[in-house]
Amino acid sequence: MTEPGEVARWADLDTIRAASADAAVEAEVTESFGDVTVSVPAEQWVATLTMLRDALDLSYFDWLSAVDDGETFSIFCHLYAPERRGHVLVRTVVPADGPALATATGVFRGAAWHERETHEMFGIDFPGHPHLVPLLLSDEFVGHPLRKDFVLTARVSKSWPGAKEPGESGDGSPSRRKMQPPGVPDPEWGPHSVGDDHE
Amino acid sequence: MTTTGPYDTQDISDAPDASGDPYAESRPTTEGRVYTVSGGDWDAFAAEAAEMAEGSLVVNMGPQHPSTHGVLRLILQLEGETVTDTRCGIGYLHTGIEKNLEFRTWTQGVTFVTRMDYLSPFFNETAYCLGVERLLGITDEVPERARLIRILMMELNRISSHLVCIATGGMEIGALTVMTIGFRERELVLDLFELITGLRLNHAYIRPGGVANDLPTDGIEKIRDFHTLMSKRVFDYIRLCNENPIFKGRLVDVGYLDLAGCMALGITGPVLRSTGLPWDLRKTEPYLGYDEFEFDVPTWDTCDAYGRFRIRLDEMVESLRIIQQVVDRLEEAGPGPVMVDDPKIAWPAQLSIGNDGQGNSRAHINKIMNESMEALIHHFKLVTEGFSVPAGQVYSAVESPRGELGVVMASDGGTRPYRVHYRDPSFTNLQAVGAMCAGAQVADVIAAVASLDPVMGGVDR
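As you go down the protein sequences, you meet chains A and B in turn.
In this note's numbering, each residue carries its 1-based index in the first sequence increased by 36.
In this note's numbering, each residue carries its 1-based index in the second sequence increased by 622.
Think of the hints as simulated: they come from the structure by calculation, not from any bench.
Possibly wrong hints are sitting among the right ones.
What the hints assert, rightly or not - Here are the simulated lysine to aspartate or glutamate pairs, DMTMM-like style, with alpha carbons at most 25 Å apart: (1) A/K184 with B/E1007; (2) B/K905 with A/D48; (3) B/K844 with B/E953; (4) B/K870 with B/D936; (5) B/K966 with B/E766; (6) A/K184 with B/D1034; (7) B/K905 with A/D93; (8) B/K905 with A/E67; (9) B/K854 with B/E809.
Given these sequences and hints, build the entire structure.
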C-alpha cells in the first residue's frame, strides 16, 4: 500500500524540472493544495505531454478541460503514473482571441472526446484533431456555453408576478437597487428584451 | 358493410413509391439510395440490402433503443452481421450542469451534481465536497462520524449501482431472472437511502463540511438487516450466473480491451481491472481514510465482458465487508456531530422531524425569529449568499462504481464556483466502444456496451 507521503515524494518538483530541462521545455512547476502543476507555453504543449509520458512514466491520460479566465483560456490536462503512483496537472494558456492549441490526440488517443468537448464549450480550436465536430451539443447550436460571456438562458426567466421589491410597481421609491440573482442578464438581453414591442 | 369499399381496392402494393416496396420508402441522395424501413418482411429487405453495391450498411442503434442504457446512439457500420466501425452519438441528456454550478452557491452545487450520474449520486456528491473542503482547508476538521457515514453511503451505493449494471446487462442478453432479482435487491438499498436521506435517487445528502443529517435511530439496525440478507443473496447471483453456459457464451471474449488500450483511452473502473491491473483509487490514492478498512481489489485477466461481470460481483462482496466494518465503528464511536463545527460553513439548521417530514427544530426557529436578530441575519446570509471559498484550484477524485470520478474546481474567492468540471468515468469509458466492437457481431455490441455500464446522465452532464 502506498502512503500519501510517498506520492508526494514521487511528485518531486525537481524531478519534473530536470526532465523538462532535458527535453528543452520551459516548464514552471508549482504545487498548490497538494496538486503538482506543470505550466508550459502553448507552443510546447505536445512536446511537454510527450516528455511527461516517455520520461516520467505519466502514461495514463486522465482528462482535459479548460477554464475561461477572461482575457485568456487556461487548458488543463491531468496525467497519472500508474506504476509510480503519481499525478500531475499540465497547464497552458491561450489567448481568448482566436484560441488554438495543437491537439494532444497524437500523444494520447483518449484526448479525442475531451478536446471535442472543450472545443464546443469554449470555442478553442485544436489543429490536427482528426474529427473536431460537436460532441454534446446539437449541430444547430450557436455559441460556446462555458465561456463566461455566454448567458445561461435558464436564468432568463419570466419575472414572478406582482411587485416584490419596493419601487417595482412604479409608485414606490425608485432609487432602491433592484435585486437580481447572479447570472441574470441585463433586461436588454435576448429576443424578449424590455423595450422591444412584440405585441 | 360492403366488401368493395374504397379501402379494399386501395391495395397496399399501390403505395406511391418508386421502389415498389410498401415497407421501405426510399429516396436517392448523394450518398446513394436511402431507405426508411417502416416494417415488413426482413428476408426481402435483407436480400435487397445484400444486392446493394457497397455491401455495407449503416445502422443507427438508439438513442431510444432499450439496450443502449439510456439515450445513447450507436452508429454501426455493418458488413453482414459483422460490425466494421462503431461511433457514438451522445449529448441527448446534456443539461449544462457545469454551467449552472457557476451561478449557485457552493452548497447548492451539491443538488446539481447529484443528478449527473444518477446511479451513483453519493459519489458525485462526495467528490464535489472533498474538493470544496480542500479549498476551504477543512479536510481534517470534518467529523469522524460524517466521514464514516460518507463511506457507508458510498459502499451501499456501489452495491445498488452494480446491481443495476448486472440486472440490465443480464436483461439485454436475455437473462430475465438476473434482472428481476437485481432490481429486487436494489430496492432494498433504495429503501435504506430513503430512510437515511429522505430521498431515493438524488439526495444532496453529503454537503461541504459533513452530511446533511445524522442517521435515524433505527438506521444502524436496518443496515445490519440488509447486510445479513445481502450477504446471503449475493451468492444467488454467483450460483445463477458464474457458470451459466448461456451467460458465458454471450460474455466470454466479448468486448475485448487490453491494458494498452485502456491506458491510451483513459479507461478506469471494472474495465481497467478486467485487464489485471489492480487500479482502484481507494487503494492507490486513498481518500476519506479508506486505507483504515480491510478490503481487496478484485481483478480478472481476461479483458472481456465476463471478467467485468465477475469483478462487479466480487466488488459487491468487498463493499459488504467495508459496510460491516463501518457499521461496527459507528456503533463503537457512539453519537457525535456530523457537520464541521464552523458556523461560517455549516448551515445553522438543527433538523427535527416535523409535520412535513423534516424541518428546522422549533427551538432554532424560536431563536432566529424571537430572540436573536444576529442569528436571523446570519442564517439568511449563509443560506442565500453562501460562504466564500479561498481562490485556487483543486482536483479531487473518488472511485465510483464505473471508475475514476474526478472534479476539478476553480474558485476566484467568491461564494460561487468559478468553474467546475467533472471527469466522469462513463464519458471517458464510452470512447472505448469503437475499439471493443470492431469485428464483433451486432449482438456482441450490446454485451460490450453493457459491460462498460455507461450512465448517460454522467456522460452528457
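Out of the numbered hints, which ones does the structure contradict?
none
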